[in-house]
Every structure is written in C-alpha cells, then in structure tokens.
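Numbering (our numbering), first residue to last: -6 to 336.
Everything labelled a hint here was simulated from the structure, so no lab data went into it. A couple of the hints might just be wrong.
[As the list claims (entries may be wrong)] Derived EDC-like pairs: lysine to aspartate or glutamate, alpha-carbon spacing no greater than 16 Å straight-line:
hint: 1; residue 1: K137; residue 2: E105
hint: 2; residue 1: K264; residue 2: D281
hint: 3; residue 1: K225; residue 2: D281
hint: 4; residue 1: K306; residue 2: E168
hint: 5; residue 1: K28; residue 2: E65
Treat the numbers as computed from the prediction; the structure is a model and nothing was measured.
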Amino acid sequence: MKKSLFFVLCLVAAISLVVAGCGGKKEDPKKAEGKKISIKMSVTTPADTSPWNIAAKKFAELVKERTKGQVEITTFPNEQLSSGNQQKGIEQVAAGITGASIHSTIIYSVLEPKLAVVSMPWILPNNAAVDKAMKGAPGDEIKKLVRAKGIEPLAFGENGFRHWTNSKKPLTSPEDMKGLKMRVPGMKMYISLFKAMGADPTAMSFSEVFTALQQGTIDGQENPISVIYTSKLQEVQKYLTICNYSYDPLVLGINKKLYDSMDKATQDILKQSAEEAMALNIKLTREDEAKQLEDMKKKNGLQVNVLTPEQIKVFQGTTTAVYKEQEPIIGKALLDMFIAAGK
-6 MKKSLFFVLC
4 LVAAISLVVA
14 GCGGKKEDPK
24 KAEGKKISIK
34 MSVTTPADTS
44 PWNIAAKKFA
54 ELVKERTKGQ
64 VEITTFPNEQ
74 LSSGNQQKGI
84 EQVAAGITGA
94 SIHSTIIYSV
104 LEPKLAVVSM
114 PWILPNNAAV
124 DKAMKGAPGD
134 EIKKLVRAKG
144 IEPLAFGENG
154 FRHWTNSKKP
164 LTSPEDMKGL
174 KMRVPGMKMY
184 ISLFKAMGAD
194 PTAMSFSEVF
204 TALQQGTIDG
214 QENPISVIYT
224 SKLQEVQKYL
234 TICNYSYDPL
244 VLGINKKLYD
254 SMDKATQDIL
264 KQSAEEAMAL
274 NIKLTREDEA
284 KQLEDMKKKN
294 GLQVNVLTPE
304 QIKVFQGTTT
314 AVYKEQEPII
324 GKALLDMFIA
334 AGK
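Whole structure, please, built from the sequences with the hints as guidance.
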C-alpha cells in the first residue's frame, strides 16, 4: 500500500513538472502571432469631404484588408482626441496615447522648430518644386526630424499652398495688411512673418477659427483652399487672396514604439497603404481647388484676387528679416537645401 501511494505521488509530481515545463515556454502575448492591434487615428479637419479624412479612411481600409483584420484603425476627425489642440494631438501620438495621426508639419514645427523650413515664405513656389523637394533629399531630412520626436513618418500628404482671407478688403500690397487681425498657427516663423508684412497676428487653435471670424474677434486667417472650403470659412469671410505664400505638407505618422513592435510584413503594409492613401490626398487636393474656388465665388460671393508676380515680389521684400531670424534655428544647410529645391 505504501509502495502504491509512493508510486502515485511520484507520478503526480512528474506530470506537474512536465506541465510546468510546457508553461515556461508559453509565448509572450505581445509577440504572439495573429494578435489584433487597434489603433486610434487623429485627423484635424472636421469634414468627411476633406482630403485629409478621405485619405485617413482609405488608409484604414487598406490596412484592415491587407492585414486580414489584424490591424484595425479608427479615425477621429476634428481633432476630437486632443480636444481641438493640434499640438497636443501630435504629443499624444509621440507618447503613445494616440496610435497615429495626420498632422501638418506646421504643427510639428512647434515641437521641432527646424520643420518650419518647408513652410518658409515662398521657398517652394509651385507643385513642381514641392514634388522635387518632398520626394528627394529635403524630404528625407524632414522624415528624420519627425522620427526623432518618437513618430514614424509613413508618408507625406498635402494640405496645399496657403492663402489669405479676410472680411475687410482685397490684399494686394503690404500696405493693405496693416492693422488686420490675422489668425496664424502658433509658431514663431508665422508670427514674425505677418508682423513683417504689417498685420497683427494672433495664434489660435484651428477649431476656434470659424467662431472667431464669425464674431469679429479676428479679421482674417490663412489656409489652403481645401481647408477654407471644407471648414466653410467662406461663410464668414469676404475676400480671398491667392498668393501661394507658404506650402503645407502633411505627415501620416504612427507612434514609433508601436511601429517598431510590429513585424516587417506589417510595417511594409502600413507604409505601402499610407503612401497610396496620401497619394490620393495629394491628387484630390490639387484637383479640387478650381472647383472649390468657383463654388465659393458663386454660392458665397467670395471675392478672389490673384497676386501678380510683381505684387508677390513686393511682399517677398518684407520677408528678409524672417529668413535671417530662422536661419540659426533651422540651420543653414537645411535651409539652403530647400531654397535650391525651389529654384
């Protein structure tokens, strides 16, 4: 009886050791294949018709399809995840609070001032110069700066060239700018630039702009055509000046730690899907401008004036001090790289 009991106890112990040994080799859940990844994605613009949101939804669709549902992205327009604060929106992606976002390099430049280089006044004068810069070495330098902030840049998109709107008068010379309360992004370069042109710049979150224009807290603002149109700013503005004064690229970025934790196949899917989605964003932004302009003129009575090359030169004459101010911040080499791309 004692021998039988001893044998049973030994057998139970042996089985326990085997089970324990198998349990010790259990795969880390974080590394387990087939684990579903859910990503919240922040987008600044409010309308579903915005090229930003169309691209974000396209990206989410492609990723879900190509990962067979293992990576699911939910988009949140109108900067919902950061309560309307675009800078906070980028900080949340860098911290991993939000997984991904589409944000302008203008907002990134609040965190990394060197990124202001892309949007310096008239540095990239047309689409040919833009494509040359963003697809070449200058664009690679921008990616490095974004990556250093803890965000992996998957692809560049386009907010477009920025123009001026106001409720007072057509803007044809720096003299017309004098005294205008103009909303600008909260970065030093824009504040210095509008002061140099004679305006009274006011930094303000984009989510507050429509109401501020409606109530007369500010006289005008500056943005690309697509943003003006989809945000319905033409309803509270009377004049639009086409000037291409500043280019505004977008970054579709993802938290770098999250990206680095993924296998290469998933990373490749994210990159490819982002590039396709942002190519759509650029296409829509460029194609829709003429239609949007015509619509705003007909439906809202928006008065549009296009600056001549001679008028632009007069405005450019006010920007010398801004370039001198920004050179030590941006770095001469990076600034010269973009100047060369714009020629």
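Now for the hints, and whether the structure bears them out:
no. : hint          : result
1   : K137 <-> E105 : holds (11 Å)
2   : K264 <-> D281 : violated (26 Å)
3   : K225 <-> D281 : holds (15 Å)
4   : K306 <-> E168 : holds (14 Å)
5   : K28 <-> E65   : holds (11 Å)
The earlier numbered hint that this structure contradicts is number 2, and it is the only one.
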